[in-house]
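Colleague: Please construct the entire structure, taking both the sequences and the accompanying hints into account.
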Amino acid sequence: DGGITQSPKYLFRKEGQNVTLSCEQNLNHDAMYWYRQDPGQGLRLIYYSQIVNDFQKGDIAEGYSVSREKKESFPLTVTSAQKNPTAFYLCASGEAANTGELFFGEGSRLTVL
Amino acid sequence: SQQGEEDPQALSIQEGENATMNCSYKTSINNLQWYRQNSGRGLVHLILIRSNEREKHSGRLRVTLDTSKKSSSLLITASRAADTASYFCAPRASTLTFGKGTMLLVSP
Numbered sequence: 001d002g003g004i005t006q007s008p009k010y011l012f013r014k015e016g017q018n019v020t021l022s023c024e025q026n027l028n029h030d031a032m033y034w035y036r037q038d039p040g041q042g043l044r045l046i047y048y049s050q051i052v053n054d055f056q057k058g059d060i061a062e063g064y065s066v067s068r069e070k071k072e073s074f075p076l077t078v079t080s081a082q083k084n085p086t087a088f089y090l091c092a093s094g095e096a097a098n099t100g101e102l103f104f105g106e107g108s109r110l111t112v113l
Numbered sequence: 001s002q003q004g005e006e007d008p009q010a011l012s013i014q015e016g017e018n019a020t021m022n023c024s025y026k027t028s029i030n031n032l033q034w035y036r037q038n039s040g041r042g043l044v045h046l047i048l049i050r051s052n053e054r055e056k057h058s059g060r061l062r063v064t065l066d067t068s069k070k071s072s073s074l075l076i077t078a079s080r081a082a083d084t085a086s087y088f089c090a091p092r093a094s095t096l097t098f099g100k101g102t103m104l105l106v107s108p
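Going down the list, the protein sequences come from chains A and B.
Under this note's numbering, think of the first position of the first sequence as 1, with each following residue one higher.
Under this note's numbering, think of the first position of the second sequence as 1, with each following residue one higher.
Derived from the structure by calculation, the hints contain no laboratory data.
One or more of the hints may lead you astray.
[As the list claims (entries may be wrong)] Straight-line C-alpha distance at most 25 Å; calculated DSS-like pairs for lysine-lysine:
| no. | chain 1 | residue 1 | chain 2 | residue 2 |
| --- | --- | --- | --- | --- |
| 1 | A | 71 | A | 9 |
| 2 | B | 100 | A | 9 |
| 3 | A | 57 | B | 100 |
| 4 | B | 56 | B | 69 |
| 5 | B | 26 | A | 57 |
| 6 | B | 100 | A | 83 |
It should be emphasised that the depicted structure is a prediction, and the values quoted were computed from it without experimental measurement.
Modeller: Here it is, written out as structure tokens:
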């Protein structure tokens, strides 16, 4: 089945540890996105990539890093520099920037203890 | 960055009633999209309306767009308990940004 897969669904980490969230899509989409969702805050854009080997910062990129080595994959690393990393992280993909709809994964819930 | 603001923040209705949610935004857009999110899940695309369109229908959904007022509305007719979810509008300029959503509760 075509779709977008995030893993893991739940993740617990200690403070000061880096953690990488996986996002894979088999929809042949050029664009991929990472959003963060906090209660009462809606979704905020962390990073996005419109093409392989290129990505741009979103509104809240500090403390996060990404890579786009393959079209299918857009992993997000939450570094120890992120002051408040506990959140629900959503990955999405779309056919092209500036136009159509996004397809979302089921999310990864990160809890930092 | 461009972001939609949904109103009301929460809406509680009975099955069979209609639900109307509103969205306002601030700058020019290419299109505006509505998404739905069940608790703890990813977002699901509902409908897209282009900046040159005024109204669009999809099943029980009706979306309007008024670019002069920079506003949109989503109407769900004959609501069902399964419509209980959060609904987000997403104005599309260079990227797609989301507001805080409207939490809809439909009681049997």
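Colleague: State for each hint whether it applies.
Modeller: Outcome of the hint check:
As the CA atoms of residue 71(A) and residue 9(A) are separated by approximately 22 Å, the hinted pair is consistent with the 25 Å bound. At roughly 22 Å between alpha-carbon atoms, residue 100(B) and residue 9(A) fall within 25 Å of each other, so this suggested pair holds. Proximity of residue 57(A) to residue 100(B) is assessed by CA-CA distance (about 21 Å); at most 25 Å being required, the pair is judged to hold. Note on residue 56(B) and residue 69(B): the hinted pairing holds, with a Cα-Cα distance of about 17 Å set against a maximum of 25 Å.
For the hint linking residue 26(B) to residue 57(A), the alpha-carbon distance of about 21 Å falls within 25 Å, and the restraint holds. For the hint linking residue 100(B) to residue 83(A), the alpha-carbon distance of about 22 Å falls within 25 Å, and the restraint holds.
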